[in-house]
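With chain A's structure known, arrange chain B on it following the hints.
These protein sequences, in sequence, are chains A and B. According to numbering that gives the first Met the number 0, the stretch in the first sequence is residues 0 to 221, in order. According to numbering that gives the first Met the number 0, the stretch in the second sequence is residues 0 to 220, in order.
Calculated directly from the structure, the hints in this document are not laboratory data. This one's a predicted model, so the numbers in the text were calculated from it and none came from an experiment. Each residue gets a CB set at the ideal place from its N, CA and C atoms; glycine is no exception. Misleading hints may appear alongside valid ones.
Unchecked claim - Distance windows between CB atoms, simulated:
1. Gly146(B) x Ile59(A): 43 to 51 angstroms
2. Ala178(B) x Ile59(A): 27 to 35 angstroms
3. Met102(B) x Gly73(A): 24 to 32 angstroms
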Amino acid sequence: MNSRFPKAADRGLAGCRTCGKVSPVTMGCCPRCGTHLHLRKPDSIRNTVALMIAATILYIPSHLLPIMTVVELGDVTHNTIISGMMTFWRTGAYPIAIVIFTASILIPLLKIIALSWLCAAATGKVHPSPKTLGRLYWFTELLGRWSMIDIFVVGILVSIVQLGNYMSITPGLGAIAFAGVVLLTMFAAMSFEPRLLWDRLDDMNPAAPDAPVEAATLESGS
Amino acid sequence: MKGAISKFRRSMISWPKPREDVRFSACHYCDTLHEAPPVREGKSARCARCGGLLYENQPASLRRASAFSLAALMLMALGHVFPFLIMDAATLQKKLTLVGAAMSLMADGFQALGIAIFLFTMVAPLLLAGGMIYVCLPLMFGRAAPGAFLVAKWMYISEPWNMVEVFLLGVLVSLLKLAKVADVHFGVGFWAFAGVMLCTAAAVSGIDREELWDRLEVAKL
Numbered sequence: 000m001n002s003r004f005p006k007a008a009d010r011g012l013a014g015c016r017t018c019g020k021v022s023p024v025t026m027g028c029c030p031r032c033g034t035h036l037h038l039r040k041p042d043s044i045r046n047t048v049a050l051m052i053a054a055t056i057l058y059i060p061s062h063l064l065p066i067m068t069v070v071e072l073g074d075v076t077h078n079t080i081i082s083g084m085m086t087f088w089r090t091g092a093y094p095i096a097i098v099i100f101t102a103s104i105l106i107p108l109l110k111i112i113a114l115s116w117l118c119a120a121a122t123g124k125v126h127p128s129p130k131t132l133g134r135l136y137w138f139t140e141l142l143g144r145w146s147m148i149d150i151f152v153v154g155i156l157v158s159i160v161q162l163g164n165y166m167s168i169t170p171g172l173g174a175i176a177f178a179g180v181v182l183l184t185m186f187a188a189m190s191f192e193p194r195l196l197w198d199r200l201d202d203m204n205p206a207a208p209d210a211p212v213e214a215a216t217l218e219s220g221s
Numbered sequence: 000m001k002g003a004i005s006k007f008r009r010s011m012i013s014w015p016k017p018r019e020d021v022r023f024s025a026c027h028y029c030d031t032l033h034e035a036p037p038v039r040e041g042k043s044a045r046c047a048r049c050g051g052l053l054y055e056n057q058p059a060s061l062r063r064a065s066a067f068s069l070a071a072l073m074l075m076a077l078g079h080v081f082p083f084l085i086m087d088a089a090t091l092q093k094k095l096t097l098v099g100a101a102m103s104l105m106a107d108g109f110q111a112l113g114i115a116i117f118l119f120t121m122v123a124p125l126l127l128a129g130g131m132i133y134v135c136l137p138l139m140f141g142r143a144a145p146g147a148f149l150v151a152k153w154m155y156i157s158e159p160w161n162m163v164e165v166f167l168l169g170v171l172v173s174l175l176k177l178a179k180v181a182d183v184h185f186g187v188g189f190w191a192f193a194g195v196m197l198c199t200a201a202a203v204s205g206i207d208r209e210e211l212w213d214r215l216e217v218a219k220l
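With the rest of the complex left out, here is chain A (with noise of 0.2 angstroms):
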């Protein structure tokens, strides 16, 4: 226990994560919103390692398989997301090849890392440094959404190129796949706890409680 920032926990107080009051955990319901208190979130850790390890298995299949199949004259032609960056890139359209390079192959791989690490530092396998972590927690939460852009322009594709004989698009297995690792990184990373990082930063140098368990002053700012 840290004694120059008190711990909603040790007083055994919950934050509502809906409306934000503090009321003891024992009620065991926010009295405000009803929603259930906890003082962490229960198993935060094990759902989060789970969830990206599924993350992780589907994330070859989503980039092996293709994500749609045009039929154009006859002539079928598969197309992963990697072969779709590369025409894009081939075809000088080097922005949008980037945007689609970063949000479907960079994101969700970074998330991953990013999420283990995290995880890492919350059960002490590497030293926590909290407000750097912080901003990682918080940029992967940011991120997460945008990998879901192959998932529309094949949405978008596939029912507007329905031009008979001459052109049609199916959709492919590799999106479903893709579209389950969006959806389970963004599951893991709304699992993971982030106060756990200080828990663990609080453990490792625990401060004599001298002081009085007061709250924090505040900085006010704009």
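Here is chain B on its own, set in the frame of chain A:
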């Protein structure tokens, strides 16, 4: 005298608070417990330990949230009626609406993807904008609409799943992909959804979570 004026002013710019002895606020990131006195309009309180946002006092929060979410709802209706992508290929013209995109994925046997598109681009923005106006408009007159607590909760749950901006970028990429096959251009729906994106972003950043829940709590009593 000066103290009295500032106290009066503070009561003017702040919202009615539920009766409590001491207000506490716990940081969402590091769980540090703070005493939570009201802050002036336009100011925010940040965690003394990690710097995370604790709560804020946004000017005209309810008015801004209702106005922007009403605009978002109206634009959403426009966006569903008009196509967002129009393609001229040889002799036929194809128009694509959002519902059409979700339906054709389902017709191809990819129900899961169709439902995902349906949820992320139609249900989540509707819950967000519709829920906000349902909760905020009566609250401006000090009333809580029936079921307002549940609606407000769902509004916050749907927030991370609102992917209108990602969808718009997807439309842009599709347009570039199709440009070599056919003559494709944006329809009114695209611009309407761009408006939805801006309005929901403005509404979400304008709403003051602390004020919303405090007012709901007071209105319920």
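- [ ] Return the numbers of the hints above that this structure violates; sort them in rising order.
- [x] Structure breaks no hint.
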